[in-house]
Structures are given as structure tokens and as C-alpha cells.
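Q: Letter by letter, the chains look like this.
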Amino acid sequence: MISLRNVSLIYQNGVRALDNVTLEIAKGDFVFLVGHSGTGKSSLLRLLYRENLPSNGEIIVDGIRVDRLRHGRVPALRRHLGVVFQDFKLLSNKTVWENVAFAMQVTGAHTKDVMRQVPRALDLVGLSHKSRMYPGELSGGEQQRTAIARALVNNPKILLCDEPSGNLDPSNTTEIMELLLRINLKGTTVLVATHNQAVVDRMRRRVVRLEDGRIVTDEERGYYYLGLGQGQILSG
Amino acid sequence: MDSGKVKFFLGEVLRNFTRNAGMQATAIGTVAITIVLLGAFLFVRSTLADVGKDLLDQIEISVYFSSNATTAQEDALRSILVHDRRIASIQFVPKKAGLAELSAQTHGVIDTSLLTENPLPDKLRVRVNDAQLVPAIAQALRKHPGVANVVFPQTVVERLLQLGYVLRRVGMGVIALFLVVAGVIISNTIRLTVFARRREISIMQLVGATNMYIRAPFICEGLLDGVVGSLVAVLILIAARYALWPKLILALPWIQLNAGAVNGPVLIAQLLLAGSAIGVVSSWISVGRHLRA
Chain A
151 MISLRNVSLI YQNGVRALDN VTLEIAKGDF VFLVGHSGTG KSSLLRLLYR ENLPSNGEII
211 VDGIRVDRLR HGRVPALRRH LGVVFQDFKL LSNKTVWENV AFAMQVTGAH TKDVMRQVPR
271 ALDLVGLSHK SRMYPGELSG GEQQRTAIAR ALVNNPKILL CDEPSGNLDP SNTTEIMELL
331 LRINLKGTTV LVATHNQAVV DRMRRRVVRL EDGRIVTDEE RGYYYLGLGQ GQILSG
Chain B
174 MDSGKVKFFL GEVLRNFTRN AGMQATAIGT VAITIVLLGA FLFVRSTLAD VGKDLLDQIE
234 ISVYFSSNAT TAQEDALRSI LVHDRRIASI QFVPKKAGLA ELSAQTHGVI DTSLLTENPL
294 PDKLRVRVND AQLVPAIAQA LRKHPGVANV VFPQTVVERL LQLGYVLRRV GMGVIALFLV
354 VAGVIISNTI RLTVFARRRE ISIMQLVGAT NMYIRAPFIC EGLLDGVVGS LVAVLILIAA
414 RYALWPKLIL ALPWIQLNAG AVNGPVLIAQ LLLAGSAIGV VSSWISVGRH LRA
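Here the protein sequences line up with chains A and B, keeping their order. Quick note, the numbering used here runs 150 ahead of the 1-based positions in the first sequence. Quick note, the numbering used here runs 173 ahead of the 1-based positions in the second sequence.
Derived from the structure by calculation, the hints contain no laboratory data. Being a predicted model, the structure only gives us computed values, none of them experimental. Glycine included, every Cβ here is placed at the ideal spot set by N, Cα and C. Check each hint, because a few of them may be wrong.
[Claimed, not checked] Okay, the calculated beta carbon distance ranges per label pair:
no.	chain 1	residue 1	chain 2	residue 2	range
1	A	Ala226	B	Val353	32 to 40 angstroms
2	A	Val165	B	Arg372	49 to 57 angstroms
3	B	Leu210	A	Val165	46 to 54 angstroms
One chain only, chain B, in its complex shape (with noise of 0.2 angstroms):
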């Protein structure tokens, strides 16, 4: 390996880094201001499809038998449901226990004392694996001999199956114009730094350098532009994160946020990538432009 030649490489990219201070701090602030917007967005995504995932493991099918069946229905459906493998648990709930269930529920509101009778049939607590099966095993249920009524919250699991959709659509739309945006703008903000250094380009090409050679400064210009726009928006993220997430956390007492939903090493890696694939992919744009030109 020939040092003389790293050295002058990295002697180019390195003067030419520092001598368009400002312009490198524009791209530098943009790929920062990007990446903020990106993680912040990636975070709240994280911590909200969180939350919806939390909810719809929470969501169970009630499966009430009728007053009718039989133990052999009954232990014949669980047995079904046990060797399910779409179904993550049953709790039978024999009427009686829904009795003190329901009276515990209500805090004595409903005296149970006053019945006669137990009004209430035997249950099943049922909770699946995948939130998105909750309508179809409902309605397999409903068919099966000796059972009632089946009950889940059926607008719950739309909304939030919907929430999720909607979620994973725009997350992906949103991702990718920020992705956009922010290369238009490096973009752009790197051709003014080719343009500055036209003349050298042209005595570069003039004495037979290749566009491969002329192009890797560049390239390695935007690399940094990007590497350090990325750090400098992590290094932001993260206090946001330590300033931000308590005072979060008690103005949404009803929302079981967890900070564990997001994967900070591999969101910091993420974000780092795109910043440096942004860098990288405009200064590529940009001087290919100037030498077809």
C-alpha cells in the first residue's frame, strides 16, 4: 500500500472538509435536523404500535356456554382449545366464580346475597396469540355445541388493528420523504461545494483522472456530512429521551407507555445508516451530475 497516496486522499477530503466550513455545517445541519425528525418519529411509532400490541394482548373472548350443556361440551371445547395452537390461554370461569367475579367487580354494588339463583352460565376466558385471528376464532366458537354467547370487544380490536395499518402505511410514506427531502437538500447543498471546486475538477479531468477518482472525495465528504449530521441528531434523541420521557409518562397516566418498546441500539444504528446513506447517495447525484455535464 502506497501511504504517500492514502495521505493525499485523505489530505484532500480532509482540506476540502474544513475549507467549506459552512457549507459542510449546512449539510452537516440538515442531515441532523432529518435524522431528529426521523428518530423522534421512529420512537413514537415504536412506543404507539407498543401500546396497540399491549392493548390487543390484553383483549379477551368470552365464551359462555348454555345453561344446557353438558360437562362433556364443555371439557370437549377446552380440550379443542388446548391443543389450539393459535390460542395463547383458557380460564374456566364456572358460574360461580363469575358470581364472586362480578360482585367483587362492582364492589358490592350488586349484592349477590339478594339471588335466589345463580343467573350467570359457565366461561370461558379465552386469549389468542394473533389479535388479528380475534374475529375468526369468535365466530368458530359461536358454531361449536353447547356454547351460548361469545363476546370480545369487537370495535377495540378493529380500531386497533386498524391503528396498527394505518401506523405501518404512513410510517413507511413519512420514512421515505423525510429520506427524500433531506437527499434533495444534501443534495443540492454538495453541488454548491462541487461548483466551488469546479476549476479543480476540470484540471483533475483535464490530466486524465478518472470520474472514479474525482467523485470519492466527494463521496467521502457526504459519508462525513453524514456520519456526523447522524451523531450529532442521536446525541439530541437521546437527551430528548432522558428530558422528555418522565414528564411523558405523567401526562399520560391512562397510556402504558414502555420505554423498553424501543430497541435504542439498534434505532441508533438505523439512524446512523440513513444518515450516512443519505450523505453518500446525494454527493453521488451531485457529482455525477457536474461530470455528465
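If we strip away everything but chain A, and leave its shape as in the complex, we get (with noise of 0.2 angstroms):
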């Protein structure tokens, strides 16, 4: 489902922010990308989406080969993607129905698919009853769900996720995570960057660690660091 082979990005003032990355995600994999903050996960997260090119390498997301793709495709392939952001992206103005629709109705959709699809997207992050709220009346961890239902509205294979809890509390985050984990059953490959120890070492899922730009370790079911989990790190 995406594919990244000697991928690496060095930007204009210099900074080489990813180091010959490959890396394989299979359908339907949930996957984390943890280091530190600067470590290179935005910055692959946003080759993926492709608001960035490589320097080298080949990236393949869902069968586009995103490296060579004209700016006039960037649209087609981002219809294929959700994105998840750790400050939600909302319009401020518009209601929480409004924001989900938004992202159907900039494609053009038709309206009686949006008609269709926001309540399903509402009800699945369990928003129905606060559609008519604006973003300024609802938590942080409502806002991140309104965030979440836009990315999913437009029914993407692929749901990337850039510090999705990170402006939240331990308890909106769990909910959050939760709701990431029942998306990624019905099917959706979800790749989450995060720096949240709790969150990689309660869920235990596959873990690729990023370090200055380069993947030191990836785990099927890892912990944030190699090996351990939060828990040992304290006792040990």
C-alpha cells in the first residue's frame, strides 16, 4: 500500500531531515512512527501526501508513484489519503457537519453522496448529536474527531496521522487512538507519527523508529523503545 525505497529529503537550507529511507506498509496495517521531535516523521509523513518531494528514491502510495507526480495529479492522489493533524485544521466558521462536508464538496461530490456520507462519518467518531456545534464550542478530543471524520468522509484507503494526540489529554487520547484502532479494522491503513510512549506501549503495534532521519528499528508488535516497555524503562 506504500512503498519507500532510498528515500531522502534533504531541504533548501540544508538540513537533510530523512536518510535513505525504504520501507514497506501492507494493506491494512496500523503502523507507528515514533523519535523525537525533528527526528523525520512530519517530514515523511508529508512525502507521502506529497507536500514535499524527495531529494531521491522512489515513493509509492496506493500504486501512484508519488515522486514523478505532476502538481496537477496531487489532487486525484490525495482523495486516496486522509490526514490527520495534531492542531485538527478546522474552519473556525463553518459547523462540525460543515467541516466534514467541506471536504466533499471541494472534490465536487455530488450532494446526495455528502448527504450520505457525513452522517456516516459523524456517527462513526460518535459526533451525530454535536453536528450543528462550531469548533470553538466542542473539547480537543471532539475537535480531533471532527478532524478524523473529515479525513474519512471521502472514504480513503490510507489515514496518515501526524501527532494526532498531541494537543490532547491521556483520556481524549485514548478515545482517540481507540477510534484510530476500529477504523483500521474496517480496513483503512492508518500510519501514525506520534511521541507518545503510553500510547505506542499500551496499543503494541508494529513501531518504526526514526533517528536523524533514518529508520533505526522497525518491530511487528514493539514498544516506543527497543525492546521495552514504559514500564521497564521506569523499574530498570
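Mind assembling these two chains? They're in different frames, but the hints should get you there.
A: Take a look at the structure:
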């Protein structure tokens, strides 16, 4: 579903964000991308939704050669992807319903499809009862669930999450992670960039660890730190 | 046609248009000022061109026959001129009529009754269709047998022709300058509205909206700015035209000002078109810059 081969990314200021990264993610996988701030997690995600182009290497997302994708074809790629951010990126002047519908309307979707899909997405994230509220009237967790509903409303095959729990308290974080798991169980490939050790250690999913732009570990059912759960580190 | 899509699109345009009222007012004001200046300039140019054309139309070539010219020579020249398509009209003034004219023109200051002999020659008054041809035709007429002298107001013709040329050239430059200046100002104004909505645009890009779809509401906004701005300008110009024209005629009695020289509906259509074009082109450029960045 996602394939990176020998991918490097060097920014114009000379900073090497990614260094010869090779990564395969199969359809239906749930993968944590971990590492400290500045290790290249967000840079890797930005390459996948073609916000940036790699300096070297080959990137394939759902069969599309992203590294060779012409600017005009980027919208088509992004309709296969859902992207969720730490800061939610919601429009404050639109209601929950309008924010979610907006993602369909701007792609030229038919009104009957919008009317069918938006309630489903809101139902999935448990916000049907707040569909008329504005983002400013919601808690952080609810705002993130709105952002997830918006990311899912076009039925993407892949969901990319960049620090989705970065602005949330532990209780809301758990809620969001459970929601992402439910989405994954429906067949959506989920890639979550995070430095939340508790979440990673509790969920025991595939963990890809980045350090200085390189993949240093890739474990099937891993912990945030190689081979060690949070409790073991504290006790050790 | 999906009415929901149309409703969403128009709703977005209207919402954004009314939300950034201050910026829209700036853009509309800029269009209005530019179009007022442009309209006033076009109006003055047309009026001046009409005055110039009117003066040129009145220019005539006086062909004086020599005292020994034969009737056959005079008739031959008249015959040639009658069949020449460049000639608008000819009028033969025999020497007797010429003397009477002179007496009338000088209001009796020259007492022609004292003359023992008519000193004036026979004369042809020639008017041509195109004032630019006056010098060339006059030159050709001089060579005709029986013609003693050919006179026309050479300096006036040259100055008027030069004025027309300058008006056309300067006019094109001034119009281009107006449009560019207005375009730059509106472009910057729309860049501000684009900047104010950068978050919305980034979300649109993120969920896979095409650049054309993102551009469309801004283009509509630019079009609205252009249309509303130029409508305001047209109203100002119409009001100014009715308020100032009578005063202008009184202030410049020596110039034959002709209100009909300007084709009002055509000028209004041109101004509306110019305003709309400025709005559309400048918003297209501003959003394009943002989308490429």
C-alpha cells in the first residue's frame, strides 16, 4: 500500500530530514512512526501526501508514483488519503457537519453523496449529536474526532496522522487511539506519527523508529523504545 | 445539474465576499477610481478627437487660377476633381463672386466699388475626405495647367494631424498604465483576502480540491469587485457628465464641443468590461501565486 525505497529528503537550507529510508507498509496495517521531535516523522508523512518531493528515491502510495507525480495530479492522490494533524485544522466559521461536508464538497462530490457520507463519518466518530456545533464549542478530543471524520468522509484507503494526540489529555488520547483502531479494523491502512510513549507501548502495534532521518528499528509488535515497555524502563 | 453544488459554491463566494467587507471595499474603491479616471480620459480623448476632426473637416484648399487660364483648363480641373474619390466637394468661385465675398467678409471696410478692375482670379474651393491627404493633393493641384497658386492652412493641418497622432499614442500609454496600476493594487488586495483564507485553502488542498476549484471563488470575487467597482464608476461619470458638461460649454465657448462625439452605451460597456477584466485577471494572478508557493 505504501512503499519507500532509498528515500532521502534534503531541505533547501541543507538540513537532511530523511536519509536513505526504505519502508514497506501493507494494506490494512496499523503502524506507529516514532522518534523525538525533528527526527523526520512529519517530513516522511509530508512526502506521502506530496506536500514535499524527495531529493532521492522512489515513493509509491496506493499504486501511484508520488515522487514523479505532476502538480496537477496531486488532488487525485490526496483523495485516496486522509490526513489528521495535531492542530486539527478545522474551519472555525463552519459547524462540525459543514467542516466534514466541506472535504467532499470541494472535490465536487454530488450532494446526495455528501448527504449520505457525512452522517456516516460523524456516526463513526460519535459526533452525530454535535453536528450543528462550531469547533470553538467542542473539547480538544471532539475537535480531533471532527478532523478524523473529515479525513474519513471520502473513504480513503490510507489514514495519515501527524501527532494526533499532541494537543490532547490522556483520556482524549485514549479515545482517539481507540477510534483509529476501529477505523483500521474496517480495512483502512493507518500510519500514526507520534512521540507519545504511553500510547505506543499500550497498543503494541508495528513500530518504526526514526533517528536523525534514518529508520533505526522496525518491530512488528513493538514498544516506543526497542524491546522495552514504559514500565520496564522506569523500573530498570 | 446538482443544485446543491451550485448553492454551496455561490454560498462560499457570497460568504467570503461579505466576510472581508473592508478588503472588498478597498478593491471596489480601487476599481472605481481607476475606471473613473479611465472613463474621464476616454471621454476627453473622444471629445478632443471630435473637435480636431471637426476642424479638419472645415479645412479647404483654395485653388487660384492664373488670369490667363482658359475656361477649358478650368473645366478640365473641375472634371478631374469631381471624379476623384479623395475629394469630398468642390465649389467654383468666379472672380465676380469672389469680390462680393471679400466685400461681405470685410463688412465693407474694403470698398470694392472703388475698384476699376477685379483683381481677384477665379477660384476653386476643394474639400477632401481625409485631412492627411491635404498637403499631397495641394501639391498635385499646383502642377495643373492654368493654376497660379494653391493655398491651404498648412500649419493648422500639420498641428491637428500631430495632435491626433499624439492623442492616440499617449492615449494607449495612459490606458495601459491605468490598467496595470489598478491590476497591481487589486492583485495585492486579493492577495490579502487569499492570505486571510490561507487555512481554508490549505485544507482544500489537503482533501484533494483541484487548483481550479480553489481558484474559482476568488475569480468570482475578483469579478464581483470589478463589476461593482466599474458600476460605481459609471454612475459617478454619468453624474459628472450631466453636472459638468453645461459648465464646460460655457467655459470654452470657442471650441465646438459636441456631446454626441462620445458613444455613451459603448463607453459604459467598455468600462464595465475593463473593470471586470482587471478583477478577474488580478485575482487569477494572486491566487496562482499562492497556489504555486
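Q: Hint by hint, say whether it matches the structure.
A: Hint by hint, here is what the structure shows:
Here the CB-CB span from Ala226/A to Val353/B is close to 37 angstroms, well matched to the stated 32 to 40 angstroms. Distance hint for Val165/A and Arg372/B: a CB-CB separation of about 26 angstroms, inconsistent with the stated range 49 to 57 angstroms. Checked against the given bound of 46 to 54 angstroms, the beta carbons of Leu210/B and Val165/A, roughly 50 angstroms apart, stay inside it.
When the structure is compared with the earlier hints, a violation turns up for hint 2 alone.
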